[in-house]
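S.K.: Each chain, written out:
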Amino acid sequence: MSMLKIDNLHVRAGDKQVLTGLSLEVAAGEVHAIMGPNGSGKSTLVQVLAGREGYEVTAGSVSYQGRDLLALPPEERAREGVFLAFQYPVEIPGVNNVYLLKAGLNAMRKHRGLPELDAFEFLALVRDKMKLMHMDESFLNRGVNEGFSGGEKKRNEILQMSVLEPTLALLDETDSGLDIDALRVVANGVNSLRRADRAIVMVTHYQRLLDYIEPDSVHVLSGGRILKSGDKSLALELEKRGYDWVRQEAAVA
Amino acid sequence: MSVVTLQESRSSGERYRAAFDARWPATDALIELRRAALERFVAAGFPTQRQEDWKYTNLRRLEARTFAPATSAAVAVGGWIANAGTRIVLVNGHWMPALSSIEAQLPGMTLLTLKQWFEKDPAAVATFIAQTSRARPSALEDLNLAFFEDGVVLDLAAGATPDQPIYIVHQWSDGSAQVMSNPRVVVRAGANSRCVVIEHFVGANAGECFTNAVCEIDVAAGASVEHYRIQQESLRSFHIGHVNVRLQQNGRYASHDIALGASLARVNLSTTLQGPGAHVALNGLIAPLGTQHLDAHTSIDHAAPHTTSDENYRGIAGERGRGVFNGKVIVRPDAQKTDARQSSRNLLLTPGAEIDTKPELEIYANDVKCSHGATTGRLDAAALFYLRSRGLDEADARALLIRAFAESIVTSIGPAAVRGYLEQLLDERYKVIS
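Each protein sequence line maps, in turn, to chains S and Y. For the first sequence, position 59 (counting from the first letter as 1) is numbered 59 according to the working numbering, and the numbering increases by one without interruption. For the second sequence, position 27 (counting from the first letter as 1) is numbered 1027 according to the working numbering, and the numbering increases by one without interruption.
Please keep in mind that the hints were generated in silico from the structure rather than gathered at the bench.
Covered stretches of chain Y, as calculated for chain S (at least 3 residues, CB under 8 angstroms):
1. 1387-1394
2. 1397-1405
Short, incomplete list of chain Y residues facing chain S, as computed with Cβ under 8 angstroms:
3. 1381
4. 1382
5. 1383
Negatives, chain Y to chain S, calculated, CB over 10 angstroms:
6. 1115
7. 1159
8. 1177
9. 1192
10. 1291
11. 1312
12. 1373
Heads up, the beta-carbon is just placed ideally off N, CA and C, and yes, glycines get one too.
Working from the sequences, and respecting the hints, build out all of it.
M.R.: Have a look at this one:
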């Protein structure tokens, strides 16, 4: 059974119909890459999955581990194991990074009937994860993403992901704005989270990320629908030929 | 017609005149000073919204009631900030020695209550009050002068640096109602002295009371005064505060003005920078909930060159609460090289809440740097979603963002005891998870 089953999803943002019948299935253990031109609806898809307000689902359904995902508020989705790594992580001055991590992790643990971690256990855990992300401990006591560079923000997203250990990770252009060294660190972080019981869906513009995080499937999203799916060789072909041929193929079919 | 109705039909001036005659015998040593103040108050009356300074705050409710001078009463110990420093407790405006630790006089410091001093040397107090009150008091400052009973006088010798804050508790006793208190606090910081003064207004279980508190602060050359004003009175009470600060060369004054209590509160905080190098920092938090009306009026008068000011006020209005911030900055013609910064940021939690914020800049010098910024907005939807997407439920995420909004005011607080106390108050006010 699929972990995530999106069926004929139609989504409107304001007056604009952004998703127009998107279907996608993701099984546990798989890594999927969604590629597509600007404005094709990639970010909308992952935001809708994470529960962002401001979108109207006009048709279709999303089932996650057999449950109706769209019926849950964002925090419930998070506690059920859905994690969105933001394309533009939000700066929240006055809220401590470490406070948010701990509050988030303990909310998950409580939800799963596990005891909350005390400050010592928590710090030990976070320090380990920070090493993996090449992050300095001073990050912990700064405001959430406050004054972080683009690369630091993305690393912070993956740090949160590795602490919260999601079941379904949605990465929204996690590679954008990263130099090659930062990209390696982020990709290592993501790869370390690959597990048989976890699925990862990456939205990206560039094939480059897929050199580091090898996907099981690649999908082309255009005009609000998946036009074509394939294995990682599809990404290479897109890199060479662009998206037009996919659109033309879809139009003929 | 009952006597009460007859009384209420008189003007507020006549009613306070009657209260005055009932309270002060003609033999009172300060009677002339008091009488003159009373007559000025009666002539001027309560401020009305026709006056620009009172545009957003209506005192009709206050004016309609008559408050008799409060007498002291027993109160339970506690509810105060623990380990805040040398404590002086005024209950209903009267010093309570048994609750205070005033006996522990610190080196270089003279700490007296006005009443103590008055009993020893009334003529000296009369001279002192005349000298330390403003040249042209406002009507409500005059009301204080006419009726004040007690207060605190803090004198710091040149170079004195007491090693602990002076913690002044203004407490309303449980169940007090239809009474007023007119406390006076006078701080005279000698050259190069330093002190921390904490004024704490409490009495959650009091009824409809009226606090009309005056605080006069003189900061001599090179001296530094850090002043906390935490107002947590009963939700039925009226609170008017007058803080007047004068600074000489290189003097420093930092204010932390926290408005959480009272049904209607107004603080007039006026600072005058009279010597070059003087600096004021005004930090404030106005946090009305329910139907509270909380008003902060500040004035920074740059009267000498090379003076600086840094003002940071935050407003958080919830439910049907109403907040007012008015920040006046005056730069006198001679006050070249003035650097004045003002920031007023406001957060509305509900559609029924309101905050009026107004910068008022009067600049008469040309070589100055003055900046001001005012914003009013709602909780950031993107931040709210970000926190929820990490597993925090909506109420907790909102509370966290509200607390974050107040954080720059909280972190500006020096003494750990005060900061911890305020953090806890705000966590409870906005229900933050720990």
